[in-house]
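Colleague: Each chain is listed here by its residues.
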Amino acid sequence: MTVPAVQQLSHALTIETHAPGFTDITGQIAAWLDDEGAGEGLLNVFIAHTSASLTIQENADPDVLRDLTDALERIAPRGHPYRHNTEGSDDMPAHIKSMVTATALSIPVRQGRMALGVWQGVYLVEHRDAPHRREITLTFLGSLRRE
Amino acid sequence: MTVPAVQQLSHALTIETHAPGFTDITGQIAAWLDDEGAGEGLLNVFIAHTSASLTIQENADPDVLRDLTDALERIAPRGHPYRHNTEGSDDMPAHIKSMVTATALSIPVRQGRMALGVWQGVYLVEHRDAPHRREITLTFLGSLRRE
Amino acid sequence: MTVPAVQQLSHALTIETHAPGFTDITGQIAAWLDDEGAGEGLLNVFIAHTSASLTIQENADPDVLRDLTDALERIAPRGHPYRHNTEGSDDMPAHIKSMVTATALSIPVRQGRMALGVWQGVYLVEHRDAPHRREITLTFLGSLRRE
Numbered sequence: 001m002t003v004p005a006v007q008q009l010s011h012a013l014t015i016e017t018h019a020p021g022f023t024d025i026t027g028q029i030a031a032w033l034d035d036e037g038a039g040e041g042l043l044n045v046f047i048a049h050t051s052a053s054l055t056i057q058e059n060a061d062p063d064v065l066r067d068l069t070d071a072l073e074r075i076a077p078r079g080h081p082y083r084h085n086t087e088g089s090d091d092m093p094a095h096i097k098s099m100v101t102a103t104a105l106s107i108p109v110r111q112g113r114m115a116l117g118v119w120q121g122v123y124l125v126e127h128r129d130a131p132h133r134r135e136i137t138l139t140f141l142g143s144l145r146r147e
Numbered sequence: 001m002t003v004p005a006v007q008q009l010s011h012a013l014t015i016e017t018h019a020p021g022f023t024d025i026t027g028q029i030a031a032w033l034d035d036e037g038a039g040e041g042l043l044n045v046f047i048a049h050t051s052a053s054l055t056i057q058e059n060a061d062p063d064v065l066r067d068l069t070d071a072l073e074r075i076a077p078r079g080h081p082y083r084h085n086t087e088g089s090d091d092m093p094a095h096i097k098s099m100v101t102a103t104a105l106s107i108p109v110r111q112g113r114m115a116l117g118v119w120q121g122v123y124l125v126e127h128r129d130a131p132h133r134r135e136i137t138l139t140f141l142g143s144l145r146r147e
Numbered sequence: 001m002t003v004p005a006v007q008q009l010s011h012a013l014t015i016e017t018h019a020p021g022f023t024d025i026t027g028q029i030a031a032w033l034d035d036e037g038a039g040e041g042l043l044n045v046f047i048a049h050t051s052a053s054l055t056i057q058e059n060a061d062p063d064v065l066r067d068l069t070d071a072l073e074r075i076a077p078r079g080h081p082y083r084h085n086t087e088g089s090d091d092m093p094a095h096i097k098s099m100v101t102a103t104a105l106s107i108p109v110r111q112g113r114m115a116l117g118v119w120q121g122v123y124l125v126e127h128r129d130a131p132h133r134r135e136i137t138l139t140f141l142g143s144l145r146r147e
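Residue numbers (this note's numbering), protein chains in the order written: chain A, 1 to 147; chain B, 1 to 147; chain C, 1 to 147.
Extracted from the complex, chain A is given alone in its bound form (with noise of 0.2 Å):
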């Protein structure tokens, strides 16, 4: 199938988080999608910090959510006597658990919809225990239904 013309949609996302663990970000995304038309083509969701990341999960049980926060806390201990800590003990183990999962995805719209699997979900991953502010970037490349 060839789509004939690319163009280009960009927007920024703020997400309150309060504690680690997964905020559901998939209906935003896709609202903002659809607001602006999106038709066929590539998104790409990019957060810029090194202590909280992206990642594509399963939206059905959240025990899934708590048992992957749980994988990464064995990953990345907070006991660990690291070099980096003067910023607390969840500062360490956040930027490793940001380097095994992701900073980046980019992800296939299909007439104006993330094409995700029916179990997945799009999730910001907060590493930190206090709250943060933490700032997407969604860029969408591909035709626009509104020409």
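For the record, the hints were derived by calculation from the structure and aren't laboratory data. Glycine included, C-beta positions come from ideal geometry on N, C-alpha and C. Take the hints with a grain of salt, since some may be wrong.
[What the hints assert, rightly or not] Per the computed footprint, the stretches of chain C lying under chain B, defined by three or more beta-carbons under 8 Å from a beta-carbon of chain B, are:
(1) 27 to 33
(2) 59 to 68
(3) 99 to 105
(4) 137 to 145
Following the hints, position chains B and C against chain A.
Modeller: Same frame as chain A, but now just chains B and C:
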């Protein structure tokens, strides 16, 4: 180098898996790019699942892929008392393995071919024990040879 | 915001590494975007290797990068009895470290500059002990300032 027109192509790929491990999908992707007349651009590979994932890895020694499968088992052991345990002992580890590998890959395309290193292959990584049909979406943004 | 024309630019970057650890390539990428007159769009950074990889990480305290190097060692220890062991004790761990970090990064570009957070840098992560020449491909899709 500036290439004038950016167009797009998309395709759905279905891969049957039979057990945990790596399936090389490089050839199928390369054949599609060639058939469609892709030129210069960017290819996105996206898997619509959270218990199988994608990676670009060494394509020479099959032992590397076995060692990688084992490494994922160590990162996400089955024996752990996960909260989410109703879908089998391989299910929650599969989500963790998916989180630490990739759901989406973006690969440069040059003269119609993925600009992979000589030792790089594109792999679907199955994390579940039972056979599965896995859906992958390919999106190419770039110039076409046939225009 | 709609930006009309999407064009593309590409570039090859060669980085010499000397030991395991992080090399900041943010400046070289930024200089290329600036030289080429990139405007609004998306930048893909791709490394053509499976024993070195990419990540976006904290650019302020060098201790963070040392702790990240150690964290990768814990995820992929050298002492493990890997099947693939003919290329040195650092080789199979290098593939595992590559798998849990990134081979490709897609970064939004705004007004010709990567839309990174203030604490974010783009790093090549070398996982091998010996010096290596690492090949990175840059692909920009978007509008150009000089048209």
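Colleague: Now tell me, hint by hint, if it's right for this structure.
Modeller: The hints, checked one at a time:
no.: 1; hint: 27 to 33; in the structure: violated (count 0)
no.: 2; hint: 59 to 68; in the structure: violated (count 0)
no.: 3; hint: 99 to 105; in the structure: holds (count 5)
no.: 4; hint: 137 to 145; in the structure: holds (count 4)
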